[in-house]
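Student: Sequence:
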Amino acid sequence: MKKLKWLVLFSLLAPFLICDPYSTVVGFRLQFNTGTWIEAGAKTDTTGTYLYHDLAGIANGPHTIKAKAYNEWGESAESVPFSFTKTLPGAPSMLKIKP
Numbered sequence: 001m002k003k004l005k006w007l008v009l010f011s012l013l014a015p016f017l018i019c020d021p022y023s024t025v026v027g028f029r030l031q032f033n034t035g036t037w038i039e040a041g042a043k044t045d046t047t048g049t050y051l052y053h054d055l056a057g058i059a060n061g062p063h064t065i066k067a068k069a070y071n072e073w074g075e076s077a078e079s080v081p082f083s084f085t086k087t088l089p090g091a092p093s094m095l096k097i098k099p
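In terms of the numbering used here, the sequence shown opens at residue 1 and continues consecutively.
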């Protein structure tokens, strides 16, 4: 199984953790900050199944995540840890109004 590639998408309303699609994967499990492994959100389309986990519920601050992918034949090894910091966006600045 190829290595999981990570991407964290943050917007004002929807922070998500996603990865590339895999044709042989059924789902994913995540571990946040050395906690217990949890079932992660996933989506499937014509390209395969990919991680799509909502990060809105995690606290602000630094986090480290590891993942495992699985299918009906077993589970992958743990991914390399991925670290990021969740912060609130800053207040708007440089606002200009033109007539």
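For the record, the hints were derived by calculation from the structure and aren't laboratory data. No experiment lies behind these values; they were computed from the predicted model shown. Be aware that a few hints might be false.
[Stated by the list, open to error] Keeping only pairs whose Cα atoms sit at most 16 Å apart, straight-line, the calculated EDC-like set for lysine to aspartate or glutamate is:
no., residue 1, residue 2
1, Lys86, Glu72
2, Lys43, Glu78
3, Lys96, Asp54
4, Lys86, Asp54
5, Lys66, Glu39
6, Lys68, Glu78
7, Lys43, Asp54
8, Lys68, Asp45
[To be verified] Label pairs and their computed distance ranges (CB to CB):
no., residue 1, residue 2, range
9, Ala59, Leu95, 24 to 32 Å
10, Gly35, Leu88, 21 to 29 Å
11, Thr34, Lys98, 24 to 32 Å
12, Val80, Thr46, 23 to 31 Å
13, Thr46, Lys98, 38 to 46 Å
14, Thr24, Phe84, 26 to 34 Å
15, Asn60, Met94, 29 to 37 Å
16, Ser23, Val80, 19 to 27 Å
17, Tyr52, Pro99, 18 to 26 Å
Think of the CB as a built atom: it goes at the ideal place given N, C-alpha and C, for glycine as much as any other residue.
Student: Each of the hints needs a verdict: does it hold here or not?
Tutor: Here is what the structure says about each hint:
Restraint check: the Cα-Cα separation between Lys86 and Glu72 comes to about 33 Å, which exceeds 16 Å; the hinted pair is violated. Distance check on the hinted pair: Lys43 and Glu78 sit about 20 Å apart at the alpha-carbon level, beyond 16 Å; violated. Between Lys96 and Asp54 the CA atoms are separated by roughly 33 Å; this puts the pair beyond 16 Å, and the hint is violated. For the proposed pair Lys86 and Asp54, the alpha carbon gap of about 13 Å is at most 16 Å, so the pair holds.
Distance restraint check for Lys66 and Glu39: the Cα-Cα separation of roughly 12 Å lies within the 16 Å cut-off, and the hinted pair is therefore satisfied. Pair hint Lys68 plus Glu78 holds up; C-alpha atoms about 5 Å apart against a cutoff of 16 Å. Straight-line distance between C-alpha atoms of Lys43 and Asp54 comes to about 12 Å, which keeps the hinted pair within the 16 Å bound. For the hint pairing Lys68 with Asp45, the CA-to-CA distance comes to about 20 Å; that exceeds 16 Å, so the pair is violated.
Remark: the range hint 24 to 32 Å for Ala59 to Leu95 is upheld by a beta-carbon distance near 29 Å. Separation of Gly35 from Leu88 is about 22 Å and conforms to the stated range, judged on CB atoms against 21 to 29 Å. Hint check: Thr34 to Lys98, Cβ distance near 51 Å, so the stated range 24 to 32 Å is violated. At roughly 28 Å, the beta carbons of Val80 and Thr46 sit within the given window of 23 to 31 Å.
Between Thr46 and Lys98 the CB atoms are about 44 Å apart, so this pair conforms to the stated range of 38 to 46 Å. At roughly 27 Å, the beta-carbon separation of Thr24 and Phe84 lies within the given 26 to 34 Å, and the hint holds. Between Asn60 and Met94 the Cβ separation comes to about 24 Å, which falls outside the hinted range of 29 to 37 Å. For Ser23 and Val80, the hinted distance range of 19 to 27 Å is satisfied, since their beta carbons lie about 22 Å from each other.
For Tyr52 and Pro99, the Cβ-Cβ distance of about 43 Å falls outside the hinted range of 18 to 26 Å, so the restraint is violated.
Going through the hint list in order, the structure does not satisfy hints 1, 2, 3, 8, 11, 15 and 17.
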